[in-house]
Amino acid sequence: MSNSVEVKQLSFNYGKIEILKNLDLNIKDGEFMVLLGPSGCGKTTLLNCIAGLFDLDNGQIIIEGDNVTWKEPKDRHIGMVFQSYALYPSMSVEKNLSFGLRMSNTPKNIIKEKINKASELLQIQELLHRKPSQLSGGQRQRVAIGRALVRDAKVFLFDEPLSNLDAKLRAELRYEIKKLHRDLGNTMIYVTHDQIEAMTLADRIAVMKNGVIQQLDSPKKIYNKPSNLFVADFIGSPSMNFFTGKFLSTNNSFSLGSSLINLNNYQFENRPSDLSDIVFGVRPEDISINNNEENMQFKIELIEPMGADTLIWLSFENIPFSVRIEGSSEYKLGDLISINFDIKRVSIFDKKSELRI
Amino acid sequence: MQKQIIEAKGPRPKHLTIGRIGLYCFIVMCALFFLMPLYVMIITSLKDMDEIRSGNLLYIPQTLSFYSWPKAWSEACTGFVCEGLRPGLINSLKITIPSVIVSVSLGAINGYALAFWRFKGAYFFFGLCLFGAFIPYQVMVYPLLKIENAIGIYSSLPGIILVHTIFGMPILTLIFRNFYASLPIDLFKAARIDGGNFLKIFFYVIIPMSTPITIVAIILQVTGIWNDFLLGLIFAGRDNQPMTVQLNNIVQVDFGVAEYNVDMAATILTSMIPLAVYFLSGRWFVRGIAAGAIKG
Numbered sequence: 001m002s003n004s005v006e007v008k009q010l011s012f013n014y015g016k017i018e019i020l021k022n023l024d025l026n027i028k029d030g031e032f033m034v035l036l037g038p039s040g041c042g043k044t045t046l047l048n049c050i051a052g053l054f055d056l057d058n059g060q061i062i063i064e065g066d067n068v069t070w071k072e073p074k075d076r077h078i079g080m081v082f083q084s085y086a087l088y089p090s091m092s093v094e095k096n097l098s099f100g101l102r103m104s105n106t107p108k109n110i111i112k113e114k115i116n117k118a119s120e121l122l123q124i125q126e127l128l129h130r131k132p133s134q135l136s137g138g139q140r141q142r143v144a145i146g147r148a149l150v151r152d153a154k155v156f157l158f159d160e161p162l163s164n165l166d167a168k169l170r171a172e173l174r175y176e177i178k179k180l181h182r183d184l185g186n187t188m189i190y191v192t193h194d195q196i197e198a199m200t201l202a203d204r205i206a207v208m209k210n211g212v213i214q215q216l217d218s219p220k221k222i223y224n225k226p227s228n229l230f231v232a233d234f235i236g237s238p239s240m241n242f243f244t245g246k247f248l249s250t251n252n253s254f255s256l257g258s259s260l261i262n263l264n265n266y267q268f269e270n271r272p273s274d275l276s277d278i279v280f281g282v283r284p285e286d287i288s289i290n291n292n293e294e295n296m297q298f299k300i301e302l303i304e305p306m307g308a309d310t311l312i313w314l315s316f317e318n319i320p321f322s323v324r325i326e327g328s329s330e331y332k333l334g335d336l337i338s339i340n341f342d343i344k345r346v347s348i349f350d351k352k353s354e355l356r357i
Numbered sequence: 358m359q360k361q362i363i364e365a366k367g368p369r370p371k372h373l374t375i376g377r378i379g380l381y382c383f384i385v386m387c388a389l390f391f392l393m394p395l396y397v398m399i400i401t402s403l404k405d406m407d408e409i410r411s412g413n414l415l416y417i418p419q420t421l422s423f424y425s426w427p428k429a430w431s432e433a434c435t436g437f438v439c440e441g442l443r444p445g446l447i448n449s450l451k452i453t454i455p456s457v458i459v460s461v462s463l464g465a466i467n468g469y470a471l472a473f474w475r476f477k478g479a480y481f482f483f484g485l486c487l488f489g490a491f492i493p494y495q496v497m498v499y500p501l502l503k504i505e506n507a508i509g510i511y512s513s514l515p516g517i518i519l520v521h522t523i524f525g526m527p528i529l530t531l532i533f534r535n536f537y538a539s540l541p542i543d544l545f546k547a548a549r550i551d552g553g554n555f556l557k558i559f560f561y562v563i564i565p566m567s568t569p570i571t572i573v574a575i576i577l578q579v580t581g582i583w584n585d586f587l588l589g590l591i592f593a594g595r596d597n598q599p600m601t602v603q604l605n606n607i608v609q610v611d612f613g614v615a616e617y618n619v620d621m622a623a624t625i626l627t628s629m630i631p632l633a634v635y636f637l638s639g640r641w642f643v644r645g646i647a648a649g650a651i652k653g
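Chains as they are written, first to last, in our numbering: chain G, 1 to 357; chain Z, 358 to 653.
Worth double-checking, as some hints may not be accurate.
Chain Z is nowhere near these chain G residues, computed Cβ spacing over 12 Å in every case [said to hold, decoys possible]:
id, residue
1, Pro38
2, Glu72
3, Ser84
4, Gln123
5, Lys209
6, Asn264
7, Asn270
8, Asn295
Dumping the calculated DSS-like pairs for lysine-lysine here, alpha-carbon to alpha-carbon at most 30 Å [claimed, not checked]:
id, chain 1, residue 1, chain 2, residue 2
9, Z, Lys428, G, Lys71
10, Z, Lys557, G, Lys117
11, G, Lys112, Z, Lys557
12, G, Lys131, Z, Lys557
13, Z, Lys557, G, Lys74
14, G, Lys8, Z, Lys477
15, Z, Lys503, G, Lys95
16, G, Lys16, G, Lys209
17, Z, Lys477, G, Lys16
18, Z, Lys557, G, Lys114
Only some residues are given here: those of chain Z computed to face chain G with a beta carbon under 7 Å [unchecked claim]:
id, residue
19, Glu408
20, Gly412
21, Pro541
22, Asp543
23, Leu544
24, Lys546
25, Ala547
26, Arg549
27, Val562
28, Pro565
The hints are simulated quantities; they were obtained by calculation from the structure and are not laboratory data.
Just so you know, even glycine gets a beta-carbon here, dropped at the ideal spot from N, CA and C.
Bound-form chain Z, shown alone:
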């Protein structure tokens, strides 16, 4: 007996409808719109000044000129010194790396303590943290400056690292606490019965499960601290000014001609690190944000 083929009634629904096509057009246009500034920056940095002056902002360069990149990197004048952005990059690294390590570690321990070791007043403390995350930090700049001055670390590398750590604390504590609160509490109980103390449980049980949220925290802190201008300007001191401050000094020239191609190259150089962080870890970022309870 031959097997009868049964077909669904009516035509198969079309996948590509007019609405769909419209949607794709809109998405592509949005993408182009947001890519436009980057495009202009890149082509402008590759033009020479004559071509820029001729005013065709969106045209691709007639003659490729790489003059602006080395200049931005090592020759452009930031104030009275003309060493380009290179020292700024090193300063920014010197500020960002320790700040991120210290603030993320402390945030993780804070969140762990708040989520698992419920001391009296833990909720009040957590509320305080939440509140702290919403206070504009300009309010605290002057008092902090006075404090740092008093203990003698104002205008130094430790000074700016301390400031970044303090300002990162509320939000980091918050995200770590919420992540840990979503872990099954039984794990923590089991670890206590197995004989772990505060730090042992943290290092052996909690940290190995914290990868996704740690990556989220690192991305937040790296971009936040790298892009910071105000705190770096105020607390880092003349010798440790981060890249953002030096970029500003290049762009805001008081003498000579404004070299837009150099400005563009310098800007791209400065944004290289946060861009790289996003491209390399975007997948992890989404995973970390979306991570609910980890299944055992």
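Isolated chain G (complex conformation):
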């Protein structure tokens, strides 16, 4: 499969601050790529560079085989959807949709045809004569997506499009965007800080921090095998539990205080040396409760019911950690339980390099 968007050695500085550092990213034809990261990680800047709204300092951007590094945004075969919707307030929905086509002097009958098609797809036919101020947030975002559709964009760029919507609408539009991608098959690049959006929508996720891509993988891989501590901590809600201790190579185990955890079932990528500091990471759902009274007992310190499941907080060597159990279970504060770690599914990192080992 060929690449739809190629970013080569991209650097972008804002004043003296380096926002993006020598960044490479290839996005395949028809792929849904999500750029995920905390605010200030450079994900929106990267999107703006791809769109041609920021002039980059170094590197190349190639879209659909076309070197567009210095081309105007309108010549890049892109459509963009913004967090603030960015609908032209003085124009009706119809005029908003057709603005780009009118700017390029498209014949009227073709404009009409395209608007009909897009508005049907997004179910905004009844809204065509309204002003943006008469629309709800969800409707506005549909119109904004329609504006990209009408332009026959090859690549869709989404800049946190759902962040201004309430939770219910967000889930609804997320579903629609995914459906749109399924039906159209266009390449889409989607910026978000919301990991649920990233996990549900993406073919591949690029997790970014400080202008550098930390991991570029499928959502499954990113969730199950995070390549470093940052990714492990950033992805997952409730987040992964971490314990810092030493690796004992004689009995292949992790030691923390007086406790030992056997790591025979863990597949090391690089076996650490004896007594090196490692970070043991385990997701709350990879800890199970057993009622073996010979095992170490933990007292339940806090219970957070979340509906479908419940989070209970225990502590191990004074480090609080959470365990995800079924919502229907009936544990009470102060109950004593014993637990098992699913060693096959944990992640172990080198403390110094913070990389997965």
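Mind docking chain Z on chain G? Use the hints.
Only chain Z this time, still in chain G's reference frame:
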């Protein structure tokens, strides 16, 4: 079962307290104080000279006399010509209308460029504009006079229009830039992706959103230019002297008797346009000043 009525404890707080009444009295007195000059001007313009000489400044006229208004309008002597203020009004219109149109348009484009097309040194340029807004323009009168003389438009209509445009530029650029900087930048980005260039985005996207701030700019410029005396006196030339200059000539008579009623009528006539602008657009002015980000 009957529904029980629950009442708040204690008496309902009174809306009209002594403090309130005092406040209203103060406000009414302030209003009367500021209306006083206008009142005196109007009644004086409706008195005849005998009554004015008798010295009862605040009394309403015993006999209404409309003699002063037509005289101020078309007969009073401004210097050696005795045609009243009429030619001055026409001159002022000829100066104000083009000056306002040109300066507001340029100010809007400047502000738009500074807010959205961030070129290198845009901040420096903006700082320069800010600085320019605070330079007293007397400093620039003589150099400007020399320049206009050199290019041959000194003492003419284009000459005075150019001067007003130049002096309006810093403040207009400033208010337009600040207004545009408060608009969501995403709108501009969307317009660029949709294929707008510098002027297309300005005309199709930005101008339709600029109504409130344009009205503010127009009010500022109309009153500023209409009330100008110094620049009109220096740059407009003898044939294009604005109303303010002619009003001065009427009031400062060197010969004959000072006709206060005519002076008052002439003054009211001269201030008619700025007053009308304020009354008709005050609502817009407040709205424009208060307008923050426009919601989409």
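Of the hints given before, which are not true for this structure? The structure breaks hints 2, 3, 9, 15, 19 and 20; every other hint is satisfied.
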